[in-house]
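Put the complex together from the two separate chains, hints included.
First to last, the sequence lines map onto chains H and F.
Quick note on our numbering: the first sequence kicks off at 1 and runs consecutively.
Quick note on our numbering: the second sequence kicks off at 1 and runs consecutively.
Source of the hints: derived by calculation from the structure; they are not laboratory data.
Backbone N, C-alpha and C fix where the C-beta goes; we use that ideal spot for every residue, glycine too.
You may find that some hints are simply not true.
[What the hints assert, rightly or not] Here chain F is said to cover these stretches of chain H; the calculated rule only asks that three of the stretch's residues, wherever they fall, bring their Cβ under 8 Å from a Cβ of chain F: (1) 10-24; (2) 52-58; (3) 63-75; (4) 84-93; (5) 100-110.
[As the list claims (entries may be wrong)] Distance windows between CB atoms, simulated: (6) F:Met307 to H:Asp267: 45 to 51 Å; (7) H:Thr127 to F:Ser217: 49 to 55 Å; (8) H:Asp64 to F:Met307: 18 to 24 Å; (9) F:Glu312 to H:Glu254: 55 to 61 Å; (10) H:Ser269 to F:Trp320: 55 to 61 Å.
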Amino acid sequence: MITLDSLVFEYPGQRVLDGLSCRIPEGGITALVGPNGIGKTTLMRCIVALEPPFSGTIHIDGIDTQEDPRACHARIGFLLDFFGLYNDLTVEQCLLFAGGSQGLKEPALSNAVEKTIHLLEFEKRRTQRAGELSRGWRQRLGVGQAIVHEPKILLLDEPASGLDPEARLALSKLLRRLRDEGMTILVSSHILSELEEYSTHMLAMHGPRDIVMESLQTTPSSGNLVGGDGANMVTDHDRRMLRLRFSNLPSDRELSRELTQIPGIFDCSVVGLDAHITLEGGDQEQEQLLRTLINNDFPLLELHNEKRNLQHVYLDRMRRHDREEEVAE
Amino acid sequence: MNPEFRKHLWLEMTLPRLIGIPVLMAVILYLGGVFSEFADVRFYNRLPLILFVIFTFVWGAGQAGQSMTQELSDGSWDGVRLSAMHPWSLAWGRLFGSTSAAWYGGIIALAAFIILSLFHGPDSDNPSLGIDIILTILWLTGCALMVQILTLAGVLMEIRKQRSAKKRRIHPVVLLGMLSLPAVWSVLEELFLPIRSDAGRFIDTVTWYSTDYAAQSFFLCVLAALVLWGLVALMHLMALELGERNGPWAWITFLLFLVTLLGGFLPGSKENGTPGEYQRGLAMLAFGILVTMTYLVAIMEPKRPEMMRRLEMVANYGRWRTLIDLTPRWFYTFLMAVVAGIAAALTPEELSQSVFNTILEELESPGRVTTGWMILTILLFVSRDLLLIVSYNLSRTLKRPDTVAILTFFLLYWFFPNLLEAMDLPLLVPLFWPIDSGNPYVMVTMPTLEVLGLLLLVRVRWRNLFSENRNEENRSGETGS
Numbered sequence: 001m002i003t004l005d006s007l008v009f010e011y012p013g014q015r016v017l018d019g020l021s022c023r024i025p026e027g028g029i030t031a032l033v034g035p036n037g038i039g040k041t042t043l044m045r046c047i048v049a050l051e052p053p054f055s056g057t058i059h060i061d062g063i064d065t066q067e068d069p070r071a072c073h074a075r076i077g078f079l080l081d082f083f084g085l086y087n088d089l090t091v092e093q094c095l096l097f098a099g100g101s102q103g104l105k106e107p108a109l110s111n112a113v114e115k116t117i118h119l120l121e122f123e124k125r126r127t128q129r130a131g132e133l134s135r136g137w138r139q140r141l142g143v144g145q146a147i148v149h150e151p152k153i154l155l156l157d158e159p160a161s162g163l164d165p166e167a168r169l170a171l172s173k174l175l176r177r178l179r180d181e182g183m184t185i186l187v188s189s190h191i192l193s194e195l196e197e198y199s200t201h202m203l204a205m206h207g208p209r210d211i212v213m214e215s216l217q218t219t220p221s222s223g224n225l226v227g228g229d230g231a232n233m234v235t236d237h238d239r240r241m242l243r244l245r246f247s248n249l250p251s252d253r254e255l256s257r258e259l260t261q262i263p264g265i266f267d268c269s270v271v272g273l274d275a276h277i278t279l280e281g282g283d284q285e286q287e288q289l290l291r292t293l294i295n296n297d298f299p300l301l302e303l304h305n306e307k308r309n310l311q312h313v314y315l316d317r318m319r320r321h322d323r324e325e326e327v328a329e
Numbered sequence: 001m002n003p004e005f006r007k008h009l010w011l012e013m014t015l016p017r018l019i020g021i022p023v024l025m026a027v028i029l030y031l032g033g034v035f036s037e038f039a040d041v042r043f044y045n046r047l048p049l050i051l052f053v054i055f056t057f058v059w060g061a062g063q064a065g066q067s068m069t070q071e072l073s074d075g076s077w078d079g080v081r082l083s084a085m086h087p088w089s090l091a092w093g094r095l096f097g098s099t100s101a102a103w104y105g106g107i108i109a110l111a112a113f114i115i116l117s118l119f120h121g122p123d124s125d126n127p128s129l130g131i132d133i134i135l136t137i138l139w140l141t142g143c144a145l146m147v148q149i150l151t152l153a154g155v156l157m158e159i160r161k162q163r164s165a166k167k168r169r170i171h172p173v174v175l176l177g178m179l180s181l182p183a184v185w186s187v188l189e190e191l192f193l194p195i196r197s198d199a200g201r202f203i204d205t206v207t208w209y210s211t212d213y214a215a216q217s218f219f220l221c222v223l224a225a226l227v228l229w230g231l232v233a234l235m236h237l238m239a240l241e242l243g244e245r246n247g248p249w250a251w252i253t254f255l256l257f258l259v260t261l262l263g264g265f266l267p268g269s270k271e272n273g274t275p276g277e278y279q280r281g282l283a284m285l286a287f288g289i290l291v292t293m294t295y296l297v298a299i300m301e302p303k304r305p306e307m308m309r310r311l312e313m314v315a316n317y318g319r320w321r322t323l324i325d326l327t328p329r330w331f332y333t334f335l336m337a338v339v340a341g342i343a344a345a346l347t348p349e350e351l352s353q354s355v356f357n358t359i360l361e362e363l364e365s366p367g368r369v370t371t372g373w374m375i376l377t378i379l380l381f382v383s384r385d386l387l388l389i390v391s392y393n394l395s396r397t398l399k400r401p402d403t404v405a406i407l408t409f410f411l412l413y414w415f416f417p418n419l420l421e422a423m424d425l426p427l428l429v430p431l432f433w434p435i436d437s438g439n440p441y442v443m444v445t446m447p448t449l450e451v452l453g454l455l456l457l458v459r460v461r462w463r464n465l466f467s468e469n470r471n472e473e474n475r476s477g478e479t480g481s
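Same shape as in the complex, but just chain F (with noise of 0.2 Å):
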């Protein structure tokens, strides 16, 4: 058996948990059997789903969470860092062991909601009912598996930035994850849930590049791809923990599937517009998910002052496969941004009354600025965030670099631009929000000087920070000479 499994079961599932929770659900499944009676029977129908949701997505994640801060906090994860074992095997050992009592909690209600759905429901009249139980299993289990994933991966991101985590019972990445729910419940009940068969669905059909699916098996596999992504980013974090080299293919590959799977729901598709309209399109939303992209994986990925001194040294040694290995995931992103970004602009303008054109030219107010000019700010902007973020995180004084550089977005995006509007000064707004004021050259100048300066503001801490390193350096250069 997986030893790293097999250590969590030990922890885990406790002869306490192994009674106590099938006792708990017997207890509140009986009484939701005895309130039924003054309430709507389907309520008591999905009571089961209810406690699998509170097993699974909210005791789940939290203890896939706290594996890892429990593990830090306690010291024994260098232990862990130090094992033989394959990235993968700690990767789904401590995923589905962490869990292993909230599942284990979870399958009972599983087990008490097809019971009740069969003997006990009031859609027994529809002859697809067992399917109905299985893909509404499958979706719950899937959207669950999806979560755990999510929190242990962001855990083992935050333990990467600071090789430290706070033990908390209720980690803020848990919390990210609860907000999923509703979105994931109004699935559940508008596709899945055994319904009467005179009733019909809220939707059917997806229509993805030009095609129609079903709508319940296009969502699962969507959700299937999604879980194995998250799977194999779990598998290449424990690889980092591990030490093991670890290049940019698998991200690189994972942003072109969400362009790829986002760009399928494109209005004006194939057959309705131009093959150039579509191409823009295809190009401007790729980059309008990789310009996302970059902002969060720029938030999430460590940025600690030697990791990029590590990766200076590396470059100046010329070794390039580690330098490939070292980058930043959010240069890669931004660098994809941009190709993206150059597409975008040099794909003709052919305009027609598609959906998604008439947004382009709402966005860019046509006859103004062209596509180009308005790509060009933004990625100016970008950069000019992301320097933001590295200088934030060369800072001496700063505890929480990405914190206050979230912040500092806010007010640069929203506050500033707001306050100018008020006070009646709009020609400065260019200066915090990449926007059409009609003139393309001063929308390019204001970003840049703004680059400008931080670059001169990250040249400087960065000296700050290493200038005694380089001092030995050069020392231990001519002793060597």
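This is chain H alone, in the form it adopts within the complex (with noise of 0.2 Å):
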């Protein structure tokens, strides 16, 4: 769906994207995310053609940013971090200009208005001004504009910074929404937490060069989240999150040692009789797990697959880059 080849970008005395190329799947929500200052926001505005890179190729839905950006964005609904309304436009003529400004005409229009009102509950604000709306509805009628022409892609940068628990709901609520419906979304924030309730992909930026892609799912699909030759891409493993319940757990044993050494675990803690683990591999290392676990006389009462906490799965990223690079030096 958006696909990034080569990419570069710079400032003065830093560049900022170097090289980086990945592709982002169609469907599902994927997190940006990554330290403050990495590039997050600019490579998001060279993906919308609002910058364009200094060399490298985007295509949105196989078209070319550079080479026709309106097209692109017909195709695409964008929330900036700091995004501007029309404070003495009502709420209604605020979506009538962004579905018109995307190329709506009359009837498809209004019929388009109506549907964004009804899906961001504004039925009964549609004729109060934006500059009397409140933080939350605000950035809710920033969404709809973005959203108004029915985009395939939705890209939003730090989309809740400085609304309540309610308005954050709201909004992962909609996400949710949104995806179901088949929309594309890339949310960019360095709010972990915010970002875990929603995402099913996490792109991580590291460094100008280094940009992973990693899945979510419970159960993910192996081989095609990502893309590219790049040097600097990373193919995304087929990973899972277990948790693993033992009925009794004899102090003489030292499960976390023990489960690390076994084939396939990446990684384990161990909070009372729960052990969560990450395997790498598929379904024929979760069986071959369970039978290793059996064999060894392991207590197992229960195995459940889980949804990888996105924190989990950016810091242990994160470690392994650093690692990658102490190696390298």
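Structure, rendered in structure tokens:
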């Protein structure tokens, strides 16, 4: 859906993107994470053709953003981190303008505006001026302006910053709904707990050249999540989070150490009778793990596939990245 | 309806304005009527036109500029840039939408002008009153449109330069537009306003390329052409904001139009002078226009270091089409000036007593250096000044490099030469001014040394600014290989 190939972008004294390549799959919500100032916003602005990259190409739904930016705009919705609204326009007028500027004509425009008003629960506020809305409702209107033309791709830059818990919950609910309708969503944030609620994939930026795509699904599909052949590409591994519950744990067993010695287990943490492990591999490896545990007399009571914790995956990825850098040095 | 136009209508045509503007006009015209009994009745007839100028030139241009600065300060401009609209729709929608309230007042003022001229004017015996009224309206409307276009284009250029614009009540570009008012008004008085049938016009005809044209029609045609070029410029600026490819061809065509337009006014044209003399005059005129435009565009165009860096990388990667699009317009203008300069230098110097050649003789101090040397010296000074502008824009410390460049030019071209003259050191003046010192080598050497010095400065600043980027580029190249 979104293909980035050898992107380069610079500011004086700093190369923010350095030959960066990756492919963001269709459908689902991808969390774009990384430390502050790493270039997440720059990357997003390049994707939506607000900033042309110094070199490299970006394709949105097969269209080169530099060759035909307006065609890309029609397929994209983008909510900037510091977005502005026309304070003197009503909610309905804001949506009519946004839809019209993306090429919608009557009667499709009115229908799209009605649908968005209904989706975002603006029925009672449609004649209210944007300047009179609270922070949460303004954010919601910003999202409304970005989705009124029903784009295939939605990009959100720090969408929940400054929102109260209730508004965050509403945003999370909305994003899940849009995802279920088939929209491809890329959300940038450095607050991982916020992304945890709805993300299906993680796109982690570690540096100008290092970007990694990880699946956060319980059972990740293998192979096709990321593509490209750049040297900096890290392909997605079949990796799953499992929770093992034991009936009892004799104190003389060092469970954590024993588990990590089993082939395929990448990481392990034990809390009470539960062990949270990261298994590298697919169904075969999981079956092999079960057999090993039983053959080794582990008092296994329950095995549960868990959605991978975003924070865990991110920090794990960061640790591996640091280790790789140390080895390289 | 164009969504951009409709948005501005919602923002501008508020109920208080819809009611307030006609009421205000009515009050002013009524008071004008009362006082006209004590003053010249002609002033009362011009009062609606003065109101039109206030509405469309002052307020309209202000609104056009403010529509941009407001969007930028409110953070909504990036939303507009993400639009799928055609740049032309965006350009006319913004131009006419943001000034809609001003035009609302302006149209009422014009309606009042028509009524007063027809029923209350001292020139009612003028047989061509109707035509004069129409031409007056066309002239003022065209000029108002031109001022609004220039304001909007000026603010767009400023935004492209800094990606920010201060929210001011009156933008400096609007003030520039105001400077044109005396000229606009004097043409209006001399050529367009209805007059008594027995009173003649100041000028009736304009000679252009040895053909006489009716002055009113000629001025209106030129104005219409300039308005069209203004709209083209606006569309191109909007296209740039939308991220579209934008080649230099429209700009080059505009420069050729300008040379063609002004070339028609050359004295001693085809019929009067020899062909060589005319070609030489045209080439000199083109050279003068293109050099002036080079400075104008070099100051106005955005020259952010990262834009120059992008240009370097595009050239390194051999992406020629992108390179042609991204190359600054001042560079193309300078190249055209060089071509015009060469043409002027190569045309045989067949001097006669025509006005233009007399001026040339004065400028060149005949018998000393040839036109070729003079042109080469001027081009070297232009190169120096362009390098100066670039070096200022590569500075880490200067916040307003182009303003500093203008101040530097003031020092270089006025202050220092005058100071040296006062100190009785005229030999040093060629350092600052392309003056005919009698020795062509001295004339050329001075600016050449300055150009070389500035090239060095630009190189050093460039390295300081992008050395880190280059290191990263090299590192990634090594890793990649």
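Hint check:
no.	hint	verdict
1	10-24	holds (count 8)
2	52-58	holds (count 3)
3	63-75	holds (count 8)
4	84-93	holds (count 7)
5	100-110	holds (count 4)
6	F:Met307 to H:Asp267: 45 to 51 Å	holds (46 Å)
7	H:Thr127 to F:Ser217: 49 to 55 Å	holds (51 Å)
8	H:Asp64 to F:Met307: 18 to 24 Å	holds (21 Å)
9	F:Glu312 to H:Glu254: 55 to 61 Å	holds (60 Å)
10	H:Ser269 to F:Trp320: 55 to 61 Å	holds (57 Å)
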